[in-house]
Amino acid sequence: MTESSSVPVREAHLLHELILVSAARTPDALALTAGSTHLRYAELADQVRSFSQGLMGTGLARASRVGIYLDKRIETVVGSFGAPAAGMVFVPMNPLLKPEQVGFIMADCAVSVLLTSPERYALLQPTLAQGSSLKHIVLTEGADATLPPPPEGVRLHSWAEFMAAPACAGHRVIDTDIVAILYTSGSTGRPKGVVLSHRNMVAGAKSVASYLENHAQDTLLAALPLSFDAGFSQLTTAFHSGARVVLLNYLMPRDVLKAMEREKVTGLTAVPPLYIQLSQLEWPAAINENLRYFANTGGRMPRETLDLLRQRVPAAKPFLMYGLTEAFRSTYLPPEEVDRRPDSIGKAIPNAEILVLREDGSECAPDEPGELVHRGALVGLGYWNDAEKTAERYKLLLAGVGGREGGLQLPEYAVFSGDNVRRDAEGFLYFIGRRDEMMKTSGYRVSPTEVEEILYATKLVGECVAFGVDHPTLGQAIQVIATPPAGAEALDLAALQAQCRLHMPAYMVPAGIEAQPGPLPRNPNGKIDRKLLSTAWVERQQTSA
Numbered sequence: 001m002t003e004s005s006s007v008p009v010r011e012a013h014l015l016h017e018l019i020l021v022s023a024a025r026t027p028d029a030l031a032l033t034a035g036s037t038h039l040r041y042a043e044l045a046d047q048v049r050s051f052s053q054g055l056m057g058t059g060l061a062r063a064s065r066v067g068i069y070l071d072k073r074i075e076t077v078v079g080s081f082g083a084p085a086a087g088m089v090f091v092p093m094n095p096l097l098k099p100e101q102v103g104f105i106m107a108d109c110a111v112s113v114l115l116t117s118p119e120r121y122a123l124l125q126p127t128l129a130q131g132s133s134l135k136h137i138v139l140t141e142g143a144d145a146t147l148p149p150p151p152e153g154v155r156l157h158s159w160a161e162f163m164a165a166p167a168c169a170g171h172r173v174i175d176t177d178i179v180a181i182l183y184t185s186g187s188t189g190r191p192k193g194v195v196l197s198h199r200n201m202v203a204g205a206k207s208v209a210s211y212l213e214n215h216a217q218d219t220l221l222a223a224l225p226l227s228f229d230a231g232f233s234q235l236t237t238a239f240h241s242g243a244r245v246v247l248l249n250y251l252m253p254r255d256v257l258k259a260m261e262r263e264k265v266t267g268l269t270a271v272p273p274l275y276i277q278l279s280q281l282e283w284p285a286a287i288n289e290n291l292r293y294f295a296n297t298g299g300r301m302p303r304e305t306l307d308l309l310r311q312r313v314p315a316a317k318p319f320l321m322y323g324l325t326e327a328f329r330s331t332y333l334p335p336e337e338v339d340r341r342p343d344s345i346g347k348a349i350p351n352a353e354i355l356v357l358r359e360d361g362s363e364c365a366p367d368e369p370g371e372l373v374h375r376g377a378l379v380g381l382g383y384w385n386d387a388e389k390t391a392e393r394y395k396l397l398l399a400g401v402g403g404r405e406g407g408l409q410l411p412e413y414a415v416f417s418g419d420n421v422r423r424d425a426e427g428f429l430y431f432i433g434r435r436d437e438m439m440k441t442s443g444y445r446v447s448p449t450e451v452e453e454i455l456y457a458t459k460l461v462g463e464c465v466a467f468g469v470d471h472p473t474l475g476q477a478i479q480v481i482a483t484p485p486a487g488a489e490a491l492d493l494a495a496l497q498a499q500c501r502l503h504m505p506a507y508m509v510p511a512g513i514e515a516q517p518g519p520l521p522r523n524p525n526g527k528i529d530r531k532l533l534s535t536a537w538v539e540r541q542q543t544s545a
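Here the sequence shown is numbered in UniProt numbering, starting from 1 and rising by one per residue.
Treat each hint with caution, since some may be false.
Here are the computed distance ranges between Cβ atoms for each label pair [as the list claims (entries may be wrong)]: (1) A29 - R435: 42 to 52 Å; (2) E336 - A167: 42 to 52 Å; (3) V538 - R303: 18 to 28 Å; (4) E336 - A495: 49 to 59 Å; (5) P166 - T37: 23 to 33 Å; (6) A167 - R340: 51 to 61 Å.
For the record, the hints were derived by calculation from the structure and aren't laboratory data. Each residue gets a CB set at the ideal place from its N, CA and C atoms; glycine is no exception.
Sequences and hints are given; from them, build the entire structure.
Laid out in structure tokens, this is it:
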């Protein structure tokens with residue numbers, strides 16, 4: 001454990017202390033459920049301590065990165081909180097990512113320890129051989145003769161061995177230290193690592209738990225990936241409140257309803273595509289007896305879906321939320337306002353200030369469109385190893401803006417979201433649109449350039465462009481326009497789609513690929529004109545409808 005963890009903890013300031021405080025307060029309360037496995041807070045705290053001792057036994061330095069490539073399971077949670085307890089940084093990687101994308105993340109932030117399963121380890125083998133920073137691999141089960149040996153210089157550990165390491169002194173950690181790097185798609189095509197501190201995540205947990213009114217009798221369902229800030233928030237808010245979290249890996253939407261009924265879930269947070277699917281199913285009556293709230297994040301929920309959900313669970317309060325990975329969570333619409341203003345993203349969450357600013361950094365008047373800017377304790381530490389992107393998104397606030405007083409001499413950075421919004425006379429915010437070209441599909445932020453880079457790597461296209469188009473259930477669907485490669489008369493659409501499925505996570509696979517003769521039109525800067533092509537595609541669909 002960290003040096004500071006040797007002192008009795010009464011209030012959480014560091015991420016892992018969310019568990020330690022609840023364990024000291026209610027050691028026998030259930031903390032975590034995964035299938036038929038249940039851990040009480042005292043048991044979870046012990047496992048977190050053991051994993052942190054395993055990490056300290058490696059001799060790695062403070063703030064070394066610990067990559068976690070697993071689905072939702074006990075070891076995922078233990079590793080995510082055990083790494084900070086050792087004074088290290090956890091890097092959760094979406095289990096849907098392909099080996100190439102996992103390899104990029106591991107190389108980008110120099111992962112020293114990888115926690116994964118034997119099956120995923122085998123799939124990653126070619127990628128791991130290319131790394132230079134990796135020193136240790138921890139497998140959730142023991143290695144056997146069928147598994148390939150680790151790369152030279154890398155030690156392979158079983159979970160049991162790693163958890164049995166003797167106690168040793170920990171690193172000194174304070175709440176402004178890095179605790180996590182969460183990777184999200186960037187407009188340049190490569191994932192961006194959002195750097196968060198202990199303070200960011202603990203403040204976020206306390207803020208969200210306060211407006212959702214989470215308490216020790218709650219049971220929260222973790223249906224979202226834990227590599228998402230909103231998914232991981234189910235853990236932090238529950239542990240702060242002394243509540244229970246149920247981990248769920250599901251294949252069909254009906255599995256979510258079954259889990260909610262079986263586990264008597266009181267709080268559900270999900271993204272619009274899942275809610276759309278759930279709203280079309282019959283809900284067991286028992287769910288309505290227990291569910292206190294359902295919360296939406298990752299995009300606007302269609303009004304029809306919201307109405308259907310409220311019919312399914314009339315006793316549950318709806319919370320419509322807006323957030324940024326760069327600042328965890330920004331706004332929420334109180335349930336009592338949903339009928340009056342269902343299109344609003346609400347107001348700032350507790351302990352955050354949301355500004356609407358003009359291009360010159362001054363504040364907009366009521367109903368004047370401007371950029372949503374978030375200031376306060378939840379603002380992250382920038383993008384890992386990317387000064388240019390950090391400067392674009394994290395900027396200095398002008399004196400006199402919001403609560404920023406003119407006499408202050410030290411600078412204050414805020415997150416400039418890139419989203420256009422307006423604020424009405426009563427202070428409620430309304431989303432207008434994204435400033436960049438990022439696509440939002442199935443709750444994921446996807447870069448068009450990232451899609452295009454994978455398409456180009458197949459060597460099956462000459463030129464290509466990807467863009468998002470409105471979709472009734474996905475939010476946006478990914479559409480691609482491509483030209484045949486040099487020397488080919490036609491585009492092999494079947495082969496191209498097969499390569500997409502092989503090299504992309506399911507949410508990134510294009511819904512449609514349209515062939516066009518080359519070259520594709522350019523804008524004045526000589527770049528392929530994405531806007532022109534996407535507009536023309538939409539017009540063709542409308543004409544043919």
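- [ ] Quick one: which hint numbers does this structure break? Sort them smallest to largest.
- [x] none
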